[in-house]
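S.K.: Chain residues, written in single-letter form:
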Amino acid sequence: MSSEKLVINTQVVGNVCKVDFIGNINEDADFEKIIALKMPEYHFNFDQVAMINSCGIREWISLITKIGTQATIKYFNCRQIVVEQINVVHGFITDKSQIQTFYTPYYCDKCNLEKQVLVEVKSINNRKAPAIKCDKCSSKMEFDAIEEHYFSFIPKK
Amino acid sequence: MKFLRLENKFSALVVDDEQQICDMVKIFLTFSGLFENVVTANDVIVAKQKLSNQKFDLIIIDNILPKRGGLDLVDYINNYSRNANYQKTRIILISGVLKAEDVISATRYGIKHILVKPFTNQKLIAAACDILGISTPNKDSEL
Amino acid sequence: MQEDTQPFQLLDALFEPIVIIDDKFKIIYYNHFFSTFTKASPRIIRNAQTIFKIINVEEKILQTLLATASANNQVALSQEMEIKLASDASEENLAPDRQVHASMKVIPLSTTRYILCFNVLSVEKGLHRKYREKLEELKRAHGQIIQADKLATLGELSASIAHEINNPLAIAMGHGEILERVLENETIQERELVDNAYKNISEALQRIKTIVMNMKSFAHKSEEKKQYHDLISIIDKSMMLVDTPFRAAGIDLKFERPVDKFITLVNRIEMEQVIVNLLKNALDALREQSTISAAHIHGIVEIKLKKNKQDECLEILVIDNGPGIPEKIQGEIFSPFFTTKEISEGTGLGLSVSSKIVEGHHGKLQLTKSSNEGSIFTVQLPLIEVSSYVASVNALNASNDASRKKILVVDDEEKILNILSTFLEEVGHTMIGSTDPSEALEMMDKLEMDLIITDYNMPRMNGHDFAKNVRKKSNSIPLIYLTSSQFLNHFQEDRQKYNIAGLILKPFSKEDVTTIIDGVFKEAKKK
Numbered sequence: 001m002s003s004e005k006l007v008i009n010t011q012v013v014g015n016v017c018k019v020d021f022i023g024n025i026n027e028d029a030d031f032e033k034i035i036a037l038k039m040p041e042y043h044f045n046f047d048q049v050a051m052i053n054s055c056g057i058r059e060w061i062s063l064i065t066k067i068g069t070q071a072t073i074k075y076f077n078c079r080q081i082v083v084e085q086i087n088v089v090h091g092f093i094t095d096k097s098q099i100q101t102f103y104t105p106y107y108c109d110k111c112n113l114e115k116q117v118l119v120e121v122k123s124i125n126n127r128k129a130p131a132i133k134c135d136k137c138s139s140k141m142e143f144d145a146i147e148e149h150y151f152s153f154i155p156k157k
Numbered sequence: 001m002k003f004l005r006l007e008n009k010f011s012a013l014v015v016d017d018e019q020q021i022c023d024m025v026k027i028f029l030t031f032s033g034l035f036e037n038v039v040t041a042n043d044v045i046v047a048k049q050k051l052s053n054q055k056f057d058l059i060i061i062d063n064i065l066p067k068r069g070g071l072d073l074v075d076y077i078n079n080y081s082r083n084a085n086y087q088k089t090r091i092i093l094i095s096g097v098l099k100a101e102d103v104i105s106a107t108r109y110g111i112k113h114i115l116v117k118p119f120t121n122q123k124l125i126a127a128a129c130d131i132l133g134i135s136t137p138n139k140d141s142e143l
Numbered sequence: 001m002q003e004d005t006q007p008f009q010l011l012d013a014l015f016e017p018i019v020i021i022d023d024k025f026k027i028i029y030y031n032h033f034f035s036t037f038t039k040a041s042p043r044i045i046r047n048a049q050t051i052f053k054i055i056n057v058e059e060k061i062l063q064t065l066l067a068t069a070s071a072n073n074q075v076a077l078s079q080e081m082e083i084k085l086a087s088d089a090s091e092e093n094l095a096p097d098r099q100v101h102a103s104m105k106v107i108p109l110s111t112t113r114y115i116l117c118f119n120v121l122s123v124e125k126g127l128h129r130k131y132r133e134k135l136e137e138l139k140r141a142h143g144q145i146i147q148a149d150k151l152a153t154l155g156e157l158s159a160s161i162a163h164e165i166n167n168p169l170a171i172a173m174g175h176g177e178i179l180e181r182v183l184e185n186e187t188i189q190e191r192e193l194v195d196n197a198y199k200n201i202s203e204a205l206q207r208i209k210t211i212v213m214n215m216k217s218f219a220h221k222s223e224e225k226k227q228y229h230d231l232i233s234i235i236d237k238s239m240m241l242v243d244t245p246f247r248a249a250g251i252d253l254k255f256e257r258p259v260d261k262f263i264t265l266v267n268r269i270e271m272e273q274v275i276v277n278l279l280k281n282a283l284d285a286l287r288e289q290s291t292i293s294a295a296h297i298h299g300i301v302e303i304k305l306k307k308n309k310q311d312e313c314l315e316i317l318v319i320d321n322g323p324g325i326p327e328k329i330q331g332e333i334f335s336p337f338f339t340t341k342e343i344s345e346g347t348g349l350g351l352s353v354s355s356k357i358v359e360g361h362h363g364k365l366q367l368t369k370s371s372n373e374g375s376i377f378t379v380q381l382p383l384i385e386v387s388s389y390v391a392s393v394n395a396l397n398a399s400n401d402a403s404r405k406k407i408l409v410v411d412d413e414e415k416i417l418n419i420l421s422t423f424l425e426e427v428g429h430t431m432i433g434s435t436d437p438s439e440a441l442e443m444m445d446k447l448e449m450d451l452i453i454t455d456y457n458m459p460r461m462n463g464h465d466f467a468k469n470v471r472k473k474s475n476s477i478p479l480i481y482l483t484s485s486q487f488l489n490h491f492q493e494d495r496q497k498y499n500i501a502g503l504i505l506k507p508f509s510k511e512d513v514t515t516i517i518d519g520v521f522k523e524a525k526k527k
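Chains as they are written, first to last, in my numbering: chain E, 1 to 157; chain Z, 1 to 143; chain Y, 1 to 527.
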């Protein structure tokens with residue numbers, strides 16, 4: 001499973017290229033075909049990313065550098081592991097590459113349930129986690145990470 | 001096979017850039033008793049000069065004359081023979097460097113006898129007789 | 001947390017995971033990165049009684065570290081180790097990312113407070129392992145390449161040395177013969193010594209000649225493994241070998257089957273290798289195209305087989321409707337190690353090796369067309385009669401045996417050609433094969449033959465007509481019929497008319513063939 005090579009699926013609709021990342025983003029990641037497409041706008045979907053490490057991030061930054069000046073990049077469905085890496089590394093987010101949606105971890109004490117909730121960046125204020133209710137018992141769920149840390153990629157307003 | 005002694009002997013031109021090879025072939029041909037007038041040349045220019053001076057019954061050419069002139073000379077001879085109304089001159093190709101393409105080219109030029117160096121006296125005379133349409137004089141021959 | 005943890009808050013800015021524990025292994029404080037590193041959210045850490053609920057390290061190891069640190073009042077460092085991240089009750093499976101390679105450092109704060117930090121080395125370890133593996137792979141590939149290159153160079157070197165030696169060798173042997181002739185009839189005082197000297201010189205030169213012949217044959221090893229095969233069956237087999245990847249990629253593979261057989265003298269396995277290589281390249285080009293372009297062009301690879309009368313050769317064409325090959329690399333694609341793929345996906349030796357194989361068959365492999373509509377690779381092979389003739393010239397010149405004959409065999413079945421080829425080689429003759437009587441007739445003008453053996457029942461021209469045409473060209477060349485008993489009457493009819501010297505009946509043994517051939521040659525010699 002850790003040797004699961006990254007699969008990149010691309011779909012071009014109009015001026016936008018949708019890119020799905022499936023698997024592990026690590027030192028073996030090869031983004032050549034994304035660069036070769038030379039599209040003006042990219043929507044990167046991280047929904048099916050299983051793992052990402054510092055090498056993968058390095059490859060990623062390289063990708064951003066190559067296409068970032070001409071293209072607009074939007075990140076969707078960023079998994080917790082992706083957010084954690086974004087917070088550590090400089091260069092992931094630029095004025096042309098922005099996160100649109102990402103997952104936030106929640107926990108319900110009563111039901112002992114964990115949940116990943118997809119939120120929009122623009123809905124986050126002052127790095128505070130939105131209020132989420134448990135699907136089972138409707139009580140307030142606890143944000144299951146360190147707010148200040150998790151939302152650090154979002155500039156304080 | 002009986003050896004028929006001929007009244008008229010044959011003439012030959014030997015073209016090889018190594019004079020020692022020319023000498024050797026000349027002696028082989030003379031020893032056979034079939035050839036009288038054997039002329040040698042070390043390059044294509046001299047060869048053409050000799051060709052313009054007299055007719056030869058047999059021409060022996062090295063296919064790697066300087067600048068690969070061997071087969072070009074063959075081509076020249078074929079045309080020369082035709083144009084000058086001579087009987088089709090018979091050619092033996094000798095070679096130290098024989099590649100498949102050379103064999104294929106040689107057959108296209110109509111050369112049936114290709115001898116790779118080193119060749120024996122016997123092989124040379126056998127090829128010569130075959131071309132000239134006579135039987136070999138060598139008493140050791142098994143042909 | 002009860003105590004004042006404010007001074008520790010600046011630890012949150014650090015990249016290293018840091019946790020402060022007491023001597024009972026209870027967690028006093030942890031920084032943001034500790035949470036990320038251990039994948040333990042705040043509530044999990046809150047509920048953990050000891051650090052061992054978060055990271056699964058042997059208590060003994062940590063105990064020793066703490067003891068060492070406090071005893072000497074200095075930093076204690078652990079070995080590099082695998083640290084398992086403790087999982088919650090709800091998650092049992094140990095996913096690969098729940099195991100970390102790291103070393104620990106303990107910094108004593110007080111007798112009861114210790115800073116525990118981690119030097120995470122997972123990525124470094126993984127990269128190191130991969131690096132070593134790739135390096136080994138490269139070394140091996142490099143070794144193979146050097147070896148192949150050495151052999152190729154050795155082969156070429158041998159060939160060129162052989163050629164260099166041939167001229168002086170010819171001169172020495174030739175003049176030796178002349179010396180022998182001249183001395184034969186002379187009276188010499190030291191006759192025995194002279195004869196002996198000549199004999200020694202002659203033998204030594206003969207040995208040199210053998211060595212040179214062996215060197216030359218080393219450069220052309222593949223001549224020995226060639227047999228008569230129908231190219232159609234070779235192409236079929238090659239297509240079968242690539243069927244699965246083609247279907248998986250949804251790309252069509254077609255073959256325009258010719259009506260007639262296309263028999264030629266080749267090394268079957270090598271030819272299959274060449275065609276498979278070309279098909280795989282076409283497949284890769286089409287797969288690449290389908291992932292890049294938005295328009296869905298249906299990928300098709302087609303194989304065509306033709307006889308090129310003008311150039312006297314056979315052609316195998318591999319045609320794809322891919323993106324073509326960029327002009328700037330067209331000149332390099334046949335070079336060794338040229339590749340557009342990742343190291344793990346291909347060594348780039350394919351086209352270079354294929355090209356060498358085709359050259360070894362006296363043919364040519366070329367890119368004959370390339371545009372954005374597709375590419376065409378053409379394998380050119382000489383006609384069967386020509387390839388076997390080239391082999392025969394080399395064989396003839398290698399042997400000193402004047403009794404080695406050139407025998408033309410005309411039969412439309414490659415099996416017969418292969419069997420006869422083996423028999424004839426074993427008794428020291430050279431065989432030139434042909435499957436087409438009209439081609440054979442054309443070849444008669446170009447090639448020297450000592451004997452012709454022909455099948456009687458052939459599709460386009462039967463033995464009778466072939467014999468008639470042969471006699472038009474030559475009255476002297478011996479002719480043998482090869483046929484089954486049902487055509488026996490034809491032999492009787494034609495024997496007188498066309499001077500058929502012998503008959504080999506199918507099925508035949510090696511003795512049948514050699515006896516009849518020997519007999520025919522003896523008869524011919526008498527005349």
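Some hints here could point you the wrong way.
As the list claims (entries may be wrong) - Calculated Cβ distances over 10 Å to all of chain Y for the following chain E residues: (1) T65; (2) D95; (3) K156.
As the list claims (entries may be wrong) - Distance ranges between label pairs, derived from CB positions: (4) Y:K26 / E:K128: 23 to 33 Å; (5) E:K33 / Y:K26: 24 to 34 Å; (6) E:A36 / Y:K26: 47 to 57 Å; (7) Y:L121 / E:H90: 55 to 65 Å; (8) E:P155 / Y:D243: 32 to 42 Å; (9) Y:Q6 / E:P130: 41 to 51 Å; (10) E:G14 / Y:Q6: 24 to 34 Å; (11) Y:L138 / E:A36: 53 to 63 Å.
It is worth saying that the hints were derived from the structure and are not from the lab. All figures in this text were calculated on a predicted structure; none of them were measured in a lab. Even glycine gets a Cβ: it sits at the ideal position worked out from N, Cα and C.
S.K.: Against each hint, give a clear statement of whether it holds in the structure.
M.R.: To see whether the hints hold, each was checked on the structure:
{"no.": "1", "hint": "T65", "in the structure": "holds (21 Å)"}
{"no.": "2", "hint": "D95", "in the structure": "holds (25 Å)"}
{"no.": "3", "hint": "K156", "in the structure": "holds (16 Å)"}
{"no.": "4", "hint": "Y:K26 / E:K128: 23 to 33 Å", "in the structure": "holds (30 Å)"}
{"no.": "5", "hint": "E:K33 / Y:K26: 24 to 34 Å", "in the structure": "violated (51 Å)"}
{"no.": "6", "hint": "E:A36 / Y:K26: 47 to 57 Å", "in the structure": "holds (55 Å)"}
{"no.": "7", "hint": "Y:L121 / E:H90: 55 to 65 Å", "in the structure": "violated (22 Å)"}
{"no.": "8", "hint": "E:P155 / Y:D243: 32 to 42 Å", "in the structure": "violated (57 Å)"}
{"no.": "9", "hint": "Y:Q6 / E:P130: 41 to 51 Å", "in the structure": "violated (28 Å)"}
{"no.": "10", "hint": "E:G14 / Y:Q6: 24 to 34 Å", "in the structure": "violated (54 Å)"}
{"no.": "11", "hint": "Y:L138 / E:A36: 53 to 63 Å", "in the structure": "violated (26 Å)"}
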